[in-house]
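Peer 1: Protein sequences, first through last, are from chains A and B.
Heads up: the first sequence begins at 1 in this note's numbering, then just goes up one per residue.
Heads up: the second sequence begins at 1 in this note's numbering, then just goes up one per residue.
Be aware that one or more of the hints could be misleading.
If you want the footprint, here are the derived chain A segments under chain B, 3+ residues with CB under 8 Å [as the list claims (entries may be wrong)]: (1) 44-55; (2) 72-84; (3) 168-175.
Below are the DSS-like pairs computed for lysine-lysine, each with C-alpha atoms no more than 27 Å apart in a straight line [claimed, not checked]: (4) A/K373 <-> B/K12; (5) A/K12 <-> B/K180; (6) A/K270 <-> A/K186; (7) A/K27 <-> B/K96; (8) B/K96 <-> A/K149; (9) B/K298 <-> B/K180; (10) A/K122 <-> B/K96.
Everything labelled a hint here was simulated from the structure, so no lab data went into it.
Please read these numbers as outputs of a predicted model, since none were measured by experiment.
Backbone N, C-alpha and C define an ideal beta-carbon position, used for all residues, glycine too.
2 protein chains.
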Amino acid sequence: MDISERALELHKKLRGKIEINSKYPVKSLDDLALLYTPGVAAVSMEIFKNKESAYEYTSKWNTIAIITDGSRVLGLGDIGPEAALPVMEGKALLFKVFGGVDAIPICLATQDTEEIINIVKKISPTFGGINIEDIDSPRCFEIVDRLEKELDTPVFHDDQYGTGIVALAALINALKIVKKDMGDVKIIIAGAGAAGVGITKILLKAGAKNILVTDSKGVIFRGRTENMNPYKENLANITNPENIKGGIEDAVENADVLIAVTGKQGFITKEMVSSMSSDPIVFALSNPEPDINPNDAKDAGARIVATGRSDFPNQVNNSLAFPALFRAVFDSGAKKITDEMRLATAYALADYIPADKLNEEYIIPKMTDAGIKESIVKAVLEKS
Amino acid sequence: MDISERALELHKKLRGKIEINSKYPVKSLDDLALLYTPGVAAVSMEIFKNKESAYEYTSKWNTIAIITDGSRVLGLGDIGPEAALPVMEGKALLFKVFGGVDAIPICLATQDTEEIINIVKKISPTFGGINIEDIDSPRCFEIVDRLEKELDTPVFHDDQYGTGIVALAALINALKIVKKDMGDVKIIIAGAGAAGVGITKILLKAGAKNILVTDSKGVIFRGRTENMNPYKENLANITNPENIKGGIEDAVENADVLIAVTGKQGFITKEMVSSMSSDPIVFALSNPEPDINPNDAKDAGARIVATGRSDFPNQVNNSLAFPALFRAVFDSGAKKITDEMRLATAYALADYIPADKLNEEYIIPKMTDAGIKESIVKAVLEKS
Numbered sequence: 001m002d003i004s005e006r007a008l009e010l011h012k013k014l015r016g017k018i019e020i021n022s023k024y025p026v027k028s029l030d031d032l033a034l035l036y037t038p039g040v041a042a043v044s045m046e047i048f049k050n051k052e053s054a055y056e057y058t059s060k061w062n063t064i065a066i067i068t069d070g071s072r073v074l075g076l077g078d079i080g081p082e083a084a085l086p087v088m089e090g091k092a093l094l095f096k097v098f099g100g101v102d103a104i105p106i107c108l109a110t111q112d113t114e115e116i117i118n119i120v121k122k123i124s125p126t127f128g129g130i131n132i133e134d135i136d137s138p139r140c141f142e143i144v145d146r147l148e149k150e151l152d153t154p155v156f157h158d159d160q161y162g163t164g165i166v167a168l169a170a171l172i173n174a175l176k177i178v179k180k181d182m183g184d185v186k187i188i189i190a191g192a193g194a195a196g197v198g199i200t201k202i203l204l205k206a207g208a209k210n211i212l213v214t215d216s217k218g219v220i221f222r223g224r225t226e227n228m229n230p231y232k233e234n235l236a237n238i239t240n241p242e243n244i245k246g247g248i249e250d251a252v253e254n255a256d257v258l259i260a261v262t263g264k265q266g267f268i269t270k271e272m273v274s275s276m277s278s279d280p281i282v283f284a285l286s287n288p289e290p291d292i293n294p295n296d297a298k299d300a301g302a303r304i305v306a307t308g309r310s311d312f313p314n315q316v317n318n319s320l321a322f323p324a325l326f327r328a329v330f331d332s333g334a335k336k337i338t339d340e341m342r343l344a345t346a347y348a349l350a351d352y353i354p355a356d357k358l359n360e361e362y363i364i365p366k367m368t369d370a371g372i373k374e375s376i377v378k379a380v381l382e383k384s
Numbered sequence: 001m002d003i004s005e006r007a008l009e010l011h012k013k014l015r016g017k018i019e020i021n022s023k024y025p026v027k028s029l030d031d032l033a034l035l036y037t038p039g040v041a042a043v044s045m046e047i048f049k050n051k052e053s054a055y056e057y058t059s060k061w062n063t064i065a066i067i068t069d070g071s072r073v074l075g076l077g078d079i080g081p082e083a084a085l086p087v088m089e090g091k092a093l094l095f096k097v098f099g100g101v102d103a104i105p106i107c108l109a110t111q112d113t114e115e116i117i118n119i120v121k122k123i124s125p126t127f128g129g130i131n132i133e134d135i136d137s138p139r140c141f142e143i144v145d146r147l148e149k150e151l152d153t154p155v156f157h158d159d160q161y162g163t164g165i166v167a168l169a170a171l172i173n174a175l176k177i178v179k180k181d182m183g184d185v186k187i188i189i190a191g192a193g194a195a196g197v198g199i200t201k202i203l204l205k206a207g208a209k210n211i212l213v214t215d216s217k218g219v220i221f222r223g224r225t226e227n228m229n230p231y232k233e234n235l236a237n238i239t240n241p242e243n244i245k246g247g248i249e250d251a252v253e254n255a256d257v258l259i260a261v262t263g264k265q266g267f268i269t270k271e272m273v274s275s276m277s278s279d280p281i282v283f284a285l286s287n288p289e290p291d292i293n294p295n296d297a298k299d300a301g302a303r304i305v306a307t308g309r310s311d312f313p314n315q316v317n318n319s320l321a322f323p324a325l326f327r328a329v330f331d332s333g334a335k336k337i338t339d340e341m342r343l344a345t346a347y348a349l350a351d352y353i354p355a356d357k358l359n360e361e362y363i364i365p366k367m368t369d370a371g372i373k374e375s376i377v378k379a380v381l382e383k384s
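Whenever a hint applies, use it, and build me the whole structure from the sequences.
Peer 2: The following block contains the structure:
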């Protein structure tokens with residue numbers, strides 16, 4: 001059986017990958033009198049007097065809602081909230097297994113930006129954190145920005161921040177191998193959706209100076225009018241220092257780093273890789289099919305290649321970051337997730353690999369490496 | 001320590017009574033490739049092709065949202081969504097322990113009826129059922145009625161239906177003891193909130209003919225103008241066959257059954273009980289303090305007394321009904337919860353006690369009695 005058939009079979013057998021359990025083994029009526037009425041009334045009144053104590057007496061401190069509208073699920077597109085549910089359950093499973101975080105999917109039957117913002121705000125009393133997931137861009141940016149401003153609750157956007165963190169970690173280590181500096185290299189980000197924006201922003205925070213972002217209309221530059229939106233306007237302002245114009249082929253020439261998140265198999269050609277500077281670094285991060293086959297990239301001269309896939313070396317896998325980062329956020333009691341916390345996560349991931357182990361095929365830890373969570377939590381707690 | 005102190009201590013220790021767990025022991029990258037990307041994509045596409053298959057491939061089939069706005073929590077009143085959370089977590093725990101149902105609290109930061117209806121509809125793709133809880137009346141009635149009509153998902157309202165089911169079960173058995181018929185007895189329901197309405201409606205379905213409902217303005221009758229709303233208008237139309245007017249004292253005279261859900265300790269006086277017919281049946285169901293102390297009711301001549309408390313005989317406890325009923329609903333795949341299913345639950349609860357065990361102090365099963373869930377599930381499945 002191929003993986004699709006095996007996945008269908010396993011999902012049918014499980015009928016749900018997550019479940020909601022009692023943390024207390026109820027054995028007597030006295031237990032119930034403490035956990036429910038009449039005992040629980042004292043707990044409710046305590047929280048009524050001091051809302052913040054909900055973090056002490058309930059599961060709020062460790063529980064997040066995974067919010068999607070099903071508009072851009074994996075590489076599958078706008079498949080709706082029901083079809084998004086197995087992905088969100090998978091995400092909830094990863095949050096628990098790799099971060100000890102309780103997460104519940106909330107798949108919304110609306111794609112209206114204002115309505116999504118409002119619903120998240122209205123359901124937020126139950127949750128200590130919010131994870132926005134698989135909402136199409138640019139709507140996702142407004143939803144995330146607004147919730148970060150308007151909610152006193154940590155908000156994460158894995159498509160943007162998670163991808164950014166893990167890509168940065170991989171790039172830090174790749175640059176060590178080719179002995180280039182983040183501040184010197186020319187970096188092309190192909191794709192201006194959530195992942196492209198997230199990667200661009202965190203690379204800038206980490207010291208990158210020369211980034212060009214491309215979308216279907218070529219390089220994003222100040223003064224471009226075609227296919228723009230406020231988020232691309234912002235990209236134009238913070239990238240492309242020489243305000244270069246042209247297509248991806250022009251941009252990539254002499255680039256040191258090419259990070260592709262286009263969602264298009266074969267978008268990166270061997271010719272593009274060949275035109276890059278010495279020791280090309282190519283991250284073809286689209287899933288399930290990379291923007292260029294890693295073997296083709298290598299053939300064309302790429303020294304280091306990373307993808308989103310587990311069956312090639314150097315998997316840039318968000319799961320390395322989001323469960324452990326949220327674990328740290330909850331352990332710290334932080335009400336906002338800051339750039340410093342995201343950078344600390346990336347550096348912890350990069351530093352996880354000691355110099356003597358680092359090589360072209362091991363620039364980023366594997367999901368099965370032990371102690372990643374602990375490294376990230378320690379690093380983030382120092383920044384929060 | 002008293003129960004409040006013990007409950008606070010236990011809640012602080014647990015920091016949440018429920019948790020969200022993986023149902024699958026993740027051991028390898030291959031497991032993740034099946035449970036998450038890339039394998040999960042096939043599952044999403046299957047559901048995209050056929051929405052109903054979400055019930056086969058995800059946790060939707062067994063998961064409910066417990067929805068509250070915190071406007072009428074237990075007997076504590078409008079304490080808000082955060083303070084409602086420990087109660088809703090307790091409810092979720094009961095759903096799991098006694099029904100095997102996965103339930104997650106969603107405590108809403110709005111008390112706007114239309115907004116609550118809209119939010120529940122918009123989050124419903126994730127859930128196979130909805131339980132409305134501790135929302136003030138009459139708003140709760142509109143919310144429940146509208147959701148029952150507008151959602152293709154079973155909706156339960158424990159304050160109304162759960163209380164009704166268990167009170168009916170207790171009354172069926174109490175009437176067996178005093179050898180009176182449901183169709184003949186005069187029944188007073190004191191209190192016209194969710195519980196009063198729920199009890200009234202199910203008793204009528206079970207054959208009661210002579211019910212008077214009272215609120216703070218006395219008996220509800222056709223033509224009354226004071227303190228009415230559409231739901232009380234409906235009560236006036238379906239109860240009070242002789243259209244009697246007057247106070248609770250007038251109504252209760254010569255009544256066979258008095259069921260009080262007023263939320264007011266001491267609302268029922270010994271004089272009222274003394275004025276009832278032979279073999280008075282008194283259910284003082286307000287929590288945590290009954291509407292009359294059971295010993296006072298007995299002193300005044302009540303033959304059978306039930307309360308909501310576990311420290312007196314005959315506890316009318318909703319937990320006897322809602323977890324098992326929802327178990328049956330999920331096992332049957334029913335998209336609506338019908339009167340027949342609620343009546344079947346009540347009869348199953350009443351019939352659980354065999355004739356030779358039935359007595360004035362054992363008219364309703366105890367939470368610790370074995371096999372209640374199985375009896376209810378069997379009975380409801382026959383009606384669905």
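Peer 1: A separate judgement is required for each hint: does it hold in the structure or not?
Peer 2: Here is how each hint holds up against the structure:
For the segment 44-55 of chain A, the stated coverage by chain B is satisfied: 7 residues place a CB nearer than 8 Å to a CB of that chain, which reaches the threshold of 3. With 10 residues having a Cβ less than 8 Å from any Cβ of chain B, the segment 72-84 of chain A passes the three-residue criterion, so the hint holds. Look at the segment 168-175 of chain A against chain B: 0 of its residues bring a Cβ nearer than 8 Å to a Cβ of that chain, fewer than three, so the hint is violated. Restraint check for A/K373 and B/K12: satisfied, since their Cα atoms lie roughly 26 Å apart, inside the 27 Å limit.
For the hint pairing A/K12 with B/K180, the CA-to-CA distance comes to about 52 Å; that exceeds 27 Å, so the pair is violated. For the proposed pair A/K270 and A/K186, the alpha carbon gap of about 19 Å is at most 27 Å, so the pair holds. The suggested pairing of A/K27 with B/K96 holds, with an alpha-carbon distance near 14 Å, which does not exceed 27 Å. Of the pairs offered as hints, the one joining B/K96 and A/K149 is violated, with about 36 Å between alpha carbons and a cut-off of 27 Å exceeded.
Using a Cα cut-off of 27 Å, the hinted pair B/K298 and B/K180 holds, with the two alpha carbons roughly 19 Å apart. Simply put, A/K122 and B/K96 have alpha-carbon atoms about 25 Å apart, close enough for the 27 Å limit, and the pair holds.
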